Amino acid sequence: MTTAAEISEPALLPAPFADWFARRGWTPRPHQLELLAKARAGRSTLLIAPTGAGKTLAGFLPSLVALQERPKRAPLGGRSIHTLYVSPLKALAVDIARNLEAPVAEIGLTVRLETRTGDTSVHKRQRQKLNPPDILMTTPEQVALLTSALDAARFFADLDTVVLDELHALVTNKRGDLLSLDLARLRSLAPKLKTIGLSATVADPDELRAWLVGRGTGLADLVTVAGGAKPEIAILESEERVPWAGHSARYALADVYGAIAAHRMALVFVNTRSQAELIFQELWRNNRDGLPIALHHGSLDTTQRRKVEAAMVSGRLRAVVCTSTLDLGIDWGDVDLVVHVGAPKGASRLAQRIGRANHRLDEPSEALLVPANRFEVMECRAALDANYLGAQDTPPIRPGALDVLAQHVLGMACAAPFDADALYREVVSAYPYRDLDRPTFNRVVEFVATGGYALKTYERFARIRQGKDGLWRITHPRVAQQYRLNVGTIIESPLLTVRVAKNRGHGFAGRGGRVLGKIEEYFIETLAPGDTFLFAGVILSFEGIHENEVIATRTKDDTPKIPLYAGGKFPLSTYLAAGVRAMLADEEKWNTLPGQVSDWLRIQKRRSVLPRTDQLLVETFPRGARYYMVAYPFEGRLAHQSLGMLLTRRLERAKLRPTGFVATDYSLAVWGLGNLGHAFARDKPSLAELFDQDMLGDDLEAWMAESYLLKRMFRNCALISGLVEKRHPGKEKTGRQVTISADLVYDVLRKHEPDHILMRATWADAATGLLDIARLGDMLARIRGRIIHQRLDRISPLAVPVMLEIGKEPVARGDADDHVLREAADDLVKEAMGDG
Amino acid sequence: MAEALRQPVFDTEATLIGVFGVVLEAFPEGALWWDHERLLVVADLHLEKGSAFARRGQLLPPYDTAETLARLSELVARLDPRVVVTLGDSFHDDDGALRMAPRDRLMLAGLQVRRDWIWIAGNHDPDPPAELAGERLDSLTVGPLTFRHEPRPQPAEGEVAGHLHPCARVIGRGRSVRRPCFAGDGYRLVMPAFGAYTGGLDVLDRAFAGLFAADTFRAFMLGDDRVYPVGRRALGRG
Chain A
10 MTTAAEISEP ALLPAPFADW FARRGWTPRP HQLELLAKAR AGRSTLLIAP TGAGKTLAGF
70 LPSLVALQER PKRAPLGGRS IHTLYVSPLK ALAVDIARNL EAPVAEIGLT VRLETRTGDT
130 SVHKRQRQKL NPPDILMTTP EQVALLTSAL DAARFFADLD TVVLDELHAL VTNKRGDLLS
190 LDLARLRSLA PKLKTIGLSA TVADPDELRA WLVGRGTGLA DLVTVAGGAK PEIAILESEE
250 RVPWAGHSAR YALADVYGAI AAHRMALVFV NTRSQAELIF QELWRNNRDG LPIALHHGSL
310 DTTQRRKVEA AMVSGRLRAV VCTSTLDLGI DWGDVDLVVH VGAPKGASRL AQRIGRANHR
370 LDEPSEALLV PANRFEVMEC RAALDANYLG AQDTPPIRPG ALDVLAQHVL GMACAAPFDA
430 DALYREVVSA YPYRDLDRPT FNRVVEFVAT GGYALKTYER FARIRQGKDG LWRITHPRVA
490 QQYRLNVGTI IESPLLTVRV AKNRGHGFAG RGGRVLGKIE EYFIETLAPG DTFLFAGVIL
550 SFEGIHENEV IATRTKDDTP KIPLYAGGKF PLSTYLAAGV RAMLADEEKW NTLPGQVSDW
610 LRIQKRRSVL PRTDQLLVET FPRGARYYMV AYPFEGRLAH QSLGMLLTRR LERAKLRPTG
670 FVATDYSLAV WGLGNLGHAF ARDKPSLAEL FDQDMLGDDL EAWMAESYLL KRMFRNCALI
730 SGLVEKRHPG KEKTGRQVTI SADLVYDVLR KHEPDHILMR ATWADAATGL LDIARLGDML
790 ARIRGRIIHQ RLDRISPLAV PVMLEIGKEP VARGDADDHV LREAADDLVK EAMGDG
Chain B
670 MAEALRQPVF DTEATLIGVF GVVLEAFPEG ALWWDHERLL VVADLHLEKG SAFARRGQLL
730 PPYDTAETLA RLSELVARLD PRVVVTLGDS FHDDDGALRM APRDRLMLAG LQVRRDWIWI
790 AGNHDPDPPA ELAGERLDSL TVGPLTFRHE PRPQPAEGEV AGHLHPCARV IGRGRSVRRP
850 CFAGDGYRLV MPAFGAYTGG LDVLDRAFAG LFAADTFRAF MLGDDRVYPV GRRALGRG
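Residue numbers (the numbering used here), protein chains in the order written: chain A, 10 to 845; chain B, 670 to 907.
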């Protein structure tokens, strides 16, 4: 790594730039110059810098300098774009473009920079194609559309630099997979292409460095900017009692309000939308001074959100309650306090959110963590330690998804006929696909062509076909049209528009009334007319569904039926989990915790036991007419749910008659009619057998095959891979129609061709994503031979939080569906008998 | 779940449904049985729907016809009907029969041996295929009952129809359960779609408006091993 001292500044920075810095009274920062030097040497670079370090300017400086130095006259035939900027958010692309226009004008550059997103008009897009701007700012989906276009080769012929903003957020999901494949294509079209990745601090920079360059070309160079002033983070200490369980943090909201009142502008981060609604409502209940407090989450109507954002930037708000929609690096004005309600679930996420406060490196950001329950107190403490240590827990990059690859293969056929060998080489040059074997690639190509079924009946309906010249090409222009309408990897759960009808009682004709935003269909399905719920900060009464709209009316009710709160949306990170386990095991650390919490642990120690960091504690006790077991793996709710499903299957086989379970981020409770403690004590079965790793074999397979989760994952894979269409030319399919057909397709495919390539893609998603199987596997390996069983005669203090969750969430058991039907039929009997 | 639902369960319990004085048995597989006539009715098979989609560029698994026929053959083996009535939209389109795989064609022929087979015309297949065995009719009347594809808008006593793919939703225990159903009021019965790729339309949709008498309306929802009658008040919109 070069240091700033080695770089001779005047040589690097052309006069107009140096003058501009001088006029503004600024000095170029070392990392900005360093990036410029790398670019001059033709190197790709990863810049890791905290928020406020001038990352964006650093990323664009090399391109601006290069554009200023190139000949003024365009060559005959015009130029292609010079720099492509890709951001995960539309809004970010637009925001950055705006921020860059000022320096471009002030330096006196003749550089055309434009944005291109889903919102860009057709007219403007066409003009961009004919007369490309120098710098194009866009999103991964638009990059996919551009690389699959017939004129891609011309459009990108002179592409010099790709700037990837918020790279850490882009690479960990399917969007990142798609982008990596498109980047591979861009490298084929413009072999001298350099990439510049801009990222927040990550656990493993080398992965991102490898991601930025083609396979076999080593790593991108690394430039790191040390963090600025250490943030001042405190855990809220309330006079109120910290609750045992739950996520509302209602107890602390008077204190939070006090903190807001004492600052200029606060961001109140929460983990889920429903939590945002609740906190917003509670803050207004406390709002004695009528402070302007707003709400911002992804389900709200866009115009509502834009209003809030504009009010923030102009400093008209004192606080905004928000979810991860405000996570990414948009500059939202003068925030001087970040409040985090609920545990942050990951140290990296916490660092990122705290970075929202004080967008200046030299001032410390101020943050307040508000744990919602006693376990979260420990989690906050662990997160706080992690932040001071600079620990990072961003997830590793997973192998590239096959459904995404299928979409890409079709896209490449739309751009130009392809040679399978050449495309394979290109694909495996993308970091996530570096280990993709050739037979799998061939199966994906077959899938794109004819569906890839063992029963080969679709040859005549092929979408792409290999010609005599050996090249694969699309069979009909309609194929390209369908591809363009279905591009992208973002599959939203079916959403319904919420409209507030003007007057109630007049039926709901669907005319008039304000649109408040969109709400998940699965939630609305659980409502009956007249039920009240909280949305967009108001309490609404559900009237009915009209086509794709939820019709609601305002109500004076002040106790809404809150959306089912399913714990944190993000699972507890492995790193924080280890932190919490360590805290439990080390009595000396208890002194750093509030008195209520340390007392709780002391009583637990007296009444039961506290596990060492490498142990798994399992407690059993009777309560009411049932027998309970509570295990404390601290592996996050998803892994615990998977574990719960598998354990109940095993307990059923052992004739212990389990009747349900409930999981939190920290522990898992299973109950049944059989005396669990007695059975474990006599090794019938032993806990070692019960928790044996072999549960991840047949049991897992049997359970997953019938799990609705797998259907949901299949639906996503079917949409992304193009098996089922997102949209038809001309008419958009509604989410609900897609759900039906994908489920039916899943049932048929599973029965008739369970090893189909799309089933493989589905399993891969399920194992890494929703079910956290990988993490469960690591945990089972970790605790082998280290399970301690405490047989108790009553519930232990540590078990209270999970026991309080019982009944709050529906018990997900396969046969429960028919129970619901039976009860509905029983109601009919009562109705018929006259007592209904 | 739909998988379990369709499995050949030999101890499935029939639920009795009265239509204009005739007592019929409804099976959770989505089929209707008139024991006195030994007559089996299934609606909306939509055979070759997969290949119809494939033709338009959506390459759905080509196993739907085999799957639908396999389900039907379980019922035929169990009940040994004298007459099988397919209540229209038996094929997803008019060319459907021509696209059938030889294997599936053989299977269908096997089902038709030793019994009467009646293809009622549907809107998807107004001309049931001439090259297949079986009689082609617009509607069939047996005693007080008339079997036709599309329910008539006017009150129709003794009508058994398909076409609408009824399904219903009930809400309980914090979840909602949506299932295909028979929809009836004692005068008329609309059958669920039987095909492997057929979706459903909620019985509260306006397409059903006016078809049934509100006070005697029931949705007979398909459970895992029996059919559950559910009244209007227990149904949720979805």
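None of these hints come from the bench; they were simulated from the model. Keep in mind the model is a prediction, meaning the values are calculated, not measured. Idealized CB from N, CA, C, for every residue including glycine. Careful: at least some of the hints might be erroneous.
As the list claims (entries may be wrong) - Chain B stretches covered by chain A per the calculated footprint, using a threshold of three residues with CB under 8 Å from any CB of chain A:
| # | segment |
| --- | --- |
| 1 | 730-744 |
| 2 | 859-869 |
Unchecked claim - Residues of chain B placed beyond 12 Å of chain A at every Cβ, according to the derived structure:
| # | residue |
| --- | --- |
| 3 | THR684 |
| 4 | GLY687 |
| 5 | GLU800 |
| 6 | ARG805 |
| 7 | ASP807 |
| 8 | TYR897 |
How the hints compare with the structure:
Given a C-beta distance limit of less than 8 Å, the hint that chain A covers the segment 730-744 of chain B holds, as 6 residues qualify and 3 suffice. For the segment 859-869 of chain B, the assignment as covered by chain A holds, since 5 residues bring a beta-carbon within under 8 Å of that chain's beta-carbons and 3 suffice. The non-interface label for THR684(B) is inconsistent with chain A: the shortest C-beta to C-beta separation is roughly 9 Å, within 12 Å. With 12 Å as the threshold on Cβ separation, the claim that GLY687(B) sits away from chain A holds: the shortest Cβ distance comes to roughly 14 Å.
For GLU800(B), the non-interface assignment is confirmed: its Cβ lies about 19 Å from the closest Cβ of chain A, beyond the 12 Å cut-off. Here ARG805(B) stays apart from chain A, with its beta-carbon at least about 26 Å from theirs, past the 12 Å limit. The beta carbon of ASP807(B) is kept farther than 12 Å from every beta carbon of chain A, the shortest such distance being approximately 29 Å. The non-interface label for TYR897(B) is inconsistent with chain A: the shortest C-beta to C-beta separation is roughly 4 Å, within 12 Å.
Comparing the model with each numbered hint stated earlier shows that hints 3, 8 do not hold.
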